[in-house]
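Visitor: Counting from 1, one number per residue, gives the positions in the sequence shown under full-length UniProt numbering.
Hint data in this document are derived by calculation from the structure and do not stem from the laboratory. Each hint should be verified, as a subset may be incorrect.
As a list, the in silico DSS-like pairs of lysine-lysine whose alpha-carbon atoms are at most 25 angstroms apart [as the list claims (entries may be wrong)]:
id	residue 1	residue 2
1	K217	K178
2	K55	K72
3	K25	K55
4	K178	K72
5	K217	K231
6	K25	K72
7	K170	K231
8	K217	K25
9	K231	K178
Each pair of labels, with its calculated beta carbon distance range [unchecked claim]:
id	residue 1	residue 2	range
10	W298	L90	19 to 27 angstroms
11	D57	E122	47 to 55 angstroms
12	R103	A48	27 to 35 angstroms
13	L80	S159	39 to 47 angstroms
14	H5	D150	47 to 55 angstroms
15	A107	P132	22 to 30 angstroms
16	H218	P132	22 to 30 angstroms
17	E257	D46	47 to 55 angstroms
18	A130	P226	30 to 38 angstroms
19	D150	Q100	23 to 31 angstroms
20	P128	E32	45 to 53 angstroms
21	A130	N163	27 to 35 angstroms
22	W298	D152	46 to 54 angstroms
23	S159	A99	14 to 22 angstroms
Everything numeric in this text was worked out from a predicted model, so none of it was measured. C-beta atoms are modelled at their ideal positions from N, C-alpha and C, and glycine is treated no differently.
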Amino acid sequence: MSSGHVAVLMGGFSSERQVSLASGKSCADALEAEGFRVSRIDVTRDVATVLSELKPDVAFNALHGPFGEDGKVQGILEYLEIPYTHSGVLASALAMDKAQAKRVAAACGVPVADSLILQRGEIGNTHPMAPPYVLKPINEGSSFGVLIVDEDQANPPQSISSNEWTFGEKIMVERFIKGREFTCGVMDGTALCVTEIVPVGQKFYDFDAKYRPGGSKHILPAEIKPNIYQKIQSLAVQAHQAIGCRGVSRSDFRFDETLGEDGIIWLEVNTQPGMTETSLVPEMAADAGYDFGAFLRWMVEDASCLR
Numbered sequence: 001m002s003s004g005h006v007a008v009l010m011g012g013f014s015s016e017r018q019v020s021l022a023s024g025k026s027c028a029d030a031l032e033a034e035g036f037r038v039s040r041i042d043v044t045r046d047v048a049t050v051l052s053e054l055k056p057d058v059a060f061n062a063l064h065g066p067f068g069e070d071g072k073v074q075g076i077l078e079y080l081e082i083p084y085t086h087s088g089v090l091a092s093a094l095a096m097d098k099a100q101a102k103r104v105a106a107a108c109g110v111p112v113a114d115s116l117i118l119q120r121g122e123i124g125n126t127h128p129m130a131p132p133y134v135l136k137p138i139n140e141g142s143s144f145g146v147l148i149v150d151e152d153q154a155n156p157p158q159s160i161s162s163n164e165w166t167f168g169e170k171i172m173v174e175r176f177i178k179g180r181e182f183t184c185g186v187m188d189g190t191a192l193c194v195t196e197i198v199p200v201g202q203k204f205y206d207f208d209a210k211y212r213p214g215g216s217k218h219i220l221p222a223e224i225k226p227n228i229y230q231k232i233q234s235l236a237v238q239a240h241q242a243i244g245c246r247g248v249s250r251s252d253f254r255f256d257e258t259l260g261e262d263g264i265i266w267l268e269v270n271t272q273p274g275m276t277e278t279s280l281v282p283e284m285a286a287d288a289g290y291d292f293g294a295f296l297r298w299m300v301e302d303a304s305c306l307r
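Using the sequences and the accompanying hints, generate a full structural model.
Guide: In structure tokens form, the structure reads like this:
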């Protein structure tokens, strides 16, 4: 499909707009270099009309956050019968709801951390579980709104109940897993390499660690025992299949070395991983022998409806 017409969907109107614009630009530039005719679409609420007029052969979904990765734009693309990249309606909606995704993954044997779901107003001044624990909105990406509560904190963070909170009313309270942070991509149902993420100057892999230059180090392949490495790969594939993902996904893990294989805990699956050349999954694909252009070409050729 070297002369095919690809619409790259980017930007949008979620809190991850700037991240999506960066992903979209990288993908559009690389796809043009691969010989595709590319239309760059900064997505607004009239995206269905724009796509109906453009009639692309494929939509490359480079959107992040709500609307772009929660099944909504996927539903529009299904209705318009435009083949698209990444996961379909159901898997996208499920993965975006952290609570439901954990239930499904756990039911399929993927180890998850203990957690409970509360309305924001229910958290108040007493700890909802013994610290340390993590507070996270159930429907946000890029670690927006994630707060770690340490053992020595007397109360939950006050920001969670403030009027300035913009990350929704449902909050997941999750046991904090001490240890190291790993991530593993899945491409066409097969695990890519495992990467260790080492935040630089940050407490955890938050928005700054993800996107600020020098905010984190990526060590790939990760330097861990072979049995741990293979177990993470196997759990990434298991989660990908349990949620029903297609194309490319990325699962995040914490690992407490003191517990051996039992210390591997799955956190979530990302159906729309970052897509600049230095993002985690493109780095993993490069390790598997795909340069950025070839990797994106594979994604375009893999695109379909009814995903």
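Visitor: Given the hint that K217 pairs with K231, test it: the Cα-Cα distance must not exceed 25 angstroms.
Guide: 22 angstroms, holds
Visitor: Given the hinted pair K217 and K25, is their alpha-carbon gap at most 25 angstroms?
Guide: Cα-Cα ~23 angstroms, so holds.
Visitor: Does the Cβ-Cβ separation between L80 and S159 fall within 39 to 47 angstroms?
Guide: 40 angstroms, holds
Visitor: Would you mind confirming whether the straight-line C-alpha gap from K55 to K72 stays at or under 25 angstroms?
Guide: Given that 25 angstroms is the threshold and the Cα spacing comes to 19 angstroms, the pair holds.
Visitor: Per the hint of 22 to 30 angstroms, is the separation of the Cβ atoms of H218 and P132 within bounds?
Guide: The hinted range 22 to 30 angstroms holds for H218 and P132, with Cβ atoms some 25 angstroms apart.
Visitor: Does K231 lie within 25 angstroms of K170 when you go C-alpha to C-alpha?
Guide: 32 angstroms, violated
Visitor: Do the Cβ positions of W298 and D152 conform to the proposed distance bound of 46 to 54 angstroms?
Guide: For W298 and D152 the Cβ distance comes to about 48 angstroms; the hint holds.
Visitor: Assuming the hint says 23 to 31 angstroms, is it satisfied by the Cβ distance from D150 to Q100 or not?
Guide: This hint holds: roughly 28 angstroms between Cβ atoms.
Visitor: Given the hint that K231 pairs with K178, does the C-alpha gap stay at or below 25 angstroms?
Guide: 18 angstroms, holds
Visitor: Given the hinted pair K25 and K55, is their Cα-Cα distance within 25 angstroms?
Guide: Holds: K25 and K55 sit about 20 angstroms apart, inside 25 angstroms.
Visitor: Can you let me know if the beta-carbon spacing of A130 and N163 is within 27 to 35 angstroms?
Guide: 28 angstroms, holds
Visitor: Quick one: are R103 and A48 within 27 to 35 angstroms, going by C-beta?
Guide: Once the Cβ atoms are compared, 32 angstroms apart, the range 27 to 35 angstroms for A48 and R103 holds.
Of the hints listed earlier, those the structure fails to meet are numbers 4 and 7, in rising order.
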